[in-house]
Amino acid sequence: MKRTAVAVFLLLQAVWFPYVYAQESGYRYNQAIEAINAHDENTAFMHFRSLLADHPDSRYAEPALFAIAEYYFSIADYQDSWQAFNRFVTDYPDSRGKLFALAYLLNIAGKQNKEALVKGLEKEIVLFRQMTFLFRNSKEFKYISALRKKYKAVYYIDKIEFYVNNELYAQISY
Amino acid sequence: MSFMRKYRIRRIFWWAAKCVIAGIVLLTVIANLFCAAAKNSLSHNIDSYFAQDVSFGKIFYLPPGFIIITDLSISSERSGKMLPAMSVPFVRLRFSPLQLAFKRDFVVLDIKFYQPRMNYYKFYNFLRENFVQIVEFIRLLPKQDVHFSIGQARLDLDQKGSNPNYFSSTLEVSIKGDEISGRGSLSKDTDVLLLEKSRLQSRSREGVALQYRFRGRLEHAGVSFETLEVIRKDLYAKFWGKFLSHDVVLNGFAFIDTRMDEPAQRGPGAAAGSALLPVSEQFSQAVGMPQANLYLLDINCRANLVFPQLRINHLSFSINNNPCSLTGSIVLGDPIRFDLMFSSSLAHMLEDARVENFKKILLGVKGDFQNDLFCFDAQLNFDFVKKKKGSIPLEKFEAGFKGVTVNCGAHPRFAVDFKEAEFFCQTDSNTYTIQLKDFRSSLFLLNDRYLSWGFGSRFAEGALRGRASVDMGRVPAQVSATLRLRNCNAHSLDGILVHFSKVHGKLFSQMHFRSSPGMYLRGGLAIRDGYLHNFEFFKWLADFFGLSSLQKVDFSRAVSNFSIDKEGARLARINLDSRDLRVSGAFGLGMNDLVSSKLSLVFSKSLLRESPKFTPLLRLLDKDMDSLTFDFQLSGWLHGMNFKWLQSDFKRRIQNSIPNFIERSIEKNIETAIESIDKE
Chain D
1 MKRTAVAVFL
11 LLQAVWFPYV
21 YAQESGYRYN
31 QAIEAINAHD
41 ENTAFMHFRS
51 LLADHPDSRY
61 AEPALFAIAE
71 YYFSIADYQD
81 SWQAFNRFVT
91 DYPDSRGKLF
101 ALAYLLNIAG
111 KQNKEALVKG
121 LEKEIVLFRQ
131 MTFLFRNSKE
141 FKYISALRKK
151 YKAVYYIDKI
161 EFYVNNELYA
171 QISY
Chain F
1 MSFMRKYRIR
11 RIFWWAAKCV
21 IAGIVLLTVI
31 ANLFCAAAKN
41 SLSHNIDSYF
51 AQDVSFGKIF
61 YLPPGFIIIT
71 DLSISSERSG
81 KMLPAMSVPF
91 VRLRFSPLQL
101 AFKRDFVVLD
111 IKFYQPRMNY
121 YKFYNFLREN
131 FVQIVEFIRL
141 LPKQDVHFSI
151 GQARLDLDQK
161 GSNPNYFSST
171 LEVSIKGDEI
181 SGRGSLSKDT
191 DVLLLEKSRL
201 QSRSREGVAL
211 QYRFRGRLEH
221 AGVSFETLEV
231 IRKDLYAKFW
241 GKFLSHDVVL
251 NGFAFIDTRM
261 DEPAQRGPGA
271 AAGSALLPVS
281 EQFSQAVGMP
291 QANLYLLDIN
301 CRANLVFPQL
311 RINHLSFSIN
321 NNPCSLTGSI
331 VLGDPIRFDL
341 MFSSSLAHML
351 EDARVENFKK
361 ILLGVKGDFQ
371 NDLFCFDAQL
381 NFDFVKKKKG
391 SIPLEKFEAG
401 FKGVTVNCGA
411 HPRFAVDFKE
421 AEFFCQTDSN
431 TYTIQLKDFR
441 SSLFLLNDRY
451 LSWGFGSRFA
461 EGALRGRASV
471 DMGRVPAQVS
481 ATLRLRNCNA
491 HSLDGILVHF
501 SKVHGKLFSQ
511 MHFRSSPGMY
521 LRGGLAIRDG
531 YLHNFEFFKW
541 LADFFGLSSL
551 QKVDFSRAVS
561 NFSIDKEGAR
571 LARINLDSRD
581 LRVSGAFGLG
591 MNDLVSSKLS
601 LVFSKSLLRE
611 SPKFTPLLRL
621 LDKDMDSLTF
631 DFQLSGWLHG
641 MNFKWLQSDF
651 KRRIQNSIPN
661 FIERSIEKNI
671 ETAIESIDKE
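Sequences listed follow chains D and F, in order.
Under our numbering, think of the first position of the first sequence as 1, with each following residue one higher.
Under our numbering, think of the first position of the second sequence as 1, with each following residue one higher.
Be a bit skeptical, because a hint or two may be false.
[Claimed, not checked] With a straight-line cut-off of 25 Å between C-alpha atoms, the simulated DMTMM-like cross-links for lysine to aspartate or glutamate are:
hint, chain 1, residue 1, chain 2, residue 2
1, F, 613, F, 543
2, F, 566, D, 62
3, D, 114, F, 565
It should be emphasised that the hints constitute simulated quantities derived from the structure, not laboratory data.
Required output: the full structure, derived from the provided sequences and hints.
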């Protein structure tokens, strides 16, 4: 009987744990979002950091990592921002945010006068998506980050413009 | 009394003087008779040493201790009909009469050759054929102090006497005990005709003199040099080493100013040089060469000379801090044979010339030289480090030559020919191969700095003709050239551009090349009576729109201008006329394979009828229109280009006839189709 009780207990733990785990990461993510809504980006950043540290495989890890990178960029900590965006591009190659992470990396490389990196990143961004313009002159791609920033990439036949909250922050012509 | 005594003494002196004069005259006469008698035996003795005919006019004695030899000559043929290899109008030997009188020892103290004249080729043959004998002759000379000098020597440079250039030289050598020292000069002069007093007069124009001086020590098996300095206004070199038995050991350094007295170029070049090698610059200033821009340092040579073979076991040096080495052998026979391998990495030196990505140069030459004619095979390899901004986009360049002949007989004009050559070039994105056969060229040295070069060759089953001018006063040399191609098979040019493998027809082209500043190649090309077979773009159109005729596009004439420079390659004013298709526009391929292009395609109605996909579009066309024009723009990466259909009446008509959601749907379908083709 005792053995049966222990087995049932372990089984319940196994079933319950992922749920608890997901609940925990979701809870922290929600806390971060609440902090953002209260215009407290510093607290949001702390929540995102702990979420990423404790739950790196969570579905919230992707937006959290992008938000951390954005935060570093906003306080001009370009070295940490570079590392975070670089990790984002590597860990989430299929993310909708990847294009904008590459644009951030391009922006940072430009600020640091790393010409070879700029060229490499420009090429990567140009190769990121092949475009066809039959009837339209441009096409737009949008992304909203966890820090509630609105990103927009506008593709033309020979240039790409990147906007954050409708402000141009990177541009590539080719 | 005193008068008588004086008179007697004066008479005694007078007779004594007469006796002395008579004795000297008698001695002179006897000595000259002896010299005349010794002439034949001396001539015989010299003949036994040398293969050539050594002759002289007169030998006579001048008191107190001089022997004069006139008209000394060395002829390559015993008959003496040919011009001599060397002729000396006047040779003066000074000897010690006391040594001769009291010790019966004929000690020559001083030998001087006045105005010797040599023919370079004949004199070289004389040296080559008698090298061992000359060395033996010198070795057997008695070890005594002697002074040897040559004044105003002239070394003619060709056999026919038509070359106005010649070398002038002076030399003085002193041997005291075991110490040997000397100095001299060498200059390349020119005979020029000047109009003076209504008459053409031959005058000598002196070149820049090269001074040299040396000091050393005679050893049992050879000579060791403490210092050998070579100085010219644009050169200072210093060597030391030894030549013992067969071993040659030489060390040294040299400072050279290569800028040929051009004040405009001195500023930036000198600045770059001083920034590069401050220590060397200080050193060059110390030896009086503040303008030097080429530093040959750490010269270290180990060679072995067993005549006629000179084997260079090790020759290393640095050119502006770039290590170089040379190995191989030279056989100084007839013909002269050489097998040499030169290697270097010239990254620093060429930095000044904006070719900073040079990594390594390897040059192998094997051949011979005889009668002004070089014959050799050669292999030249350049390796480049990864491309930096502004540097030429090369990773590797290789050139192999077979059956090269260089005829120097008509200096300053050279005939440079080869049977076959292959050039291979690798950039960061492509490889290129060019083959030339039966290359013929004439190279003309305008002066020390500039040369012009006219050439022609078989190329791609057609012909290549061209003319180039080279400025050798810069590092690397500046080349500008004009090339023409005639009747070449277009598809044979696939080694230069892989897309030519799909192009057939006779190609004609004219292009201009300039190496610097800003290397470029630009020109125009035309292909006649040809066709495009499975050309990528038309193949895509054929597959996508079901237009099978586009698999092979016949045309009577396709023309385009082109340009290639460090920014990329461009085709402009493209024009291709075919029965059912017309193409015009421009296409540019930049760095990282980024495309920039605007093209216009005109399809005939009959071609469009081939495809059911165009049936609805054709309904929109006016009945009297017999063609449909698509203007479009391409950009982005070459292997995944962005596509934009540019505005036209036809496009506007389509847009007006379909609702927006259909437009989006078509666009989506096209994108999906393009993606599927790209994935394939």
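Results of checking the hints against the structure:
1. A hinted pair counts as satisfied when its Cα atoms are at most 25 Å apart, and residue 613 of chain F with residue 543 of chain F qualifies at roughly 12 Å.
2. With a CA separation close to 41 Å, the supplied pair residue 566 of chain F and residue 62 of chain D exceeds the 25 Å bound.
3. Among the hinted pairs, residue 114 of chain D with residue 565 of chain F is consistent with the structure: their alpha-carbon atoms are about 24 Å apart, no more than 25 Å.
When held up to the earlier numbered hints, the structure conflicts with hint 2 and nothing else.
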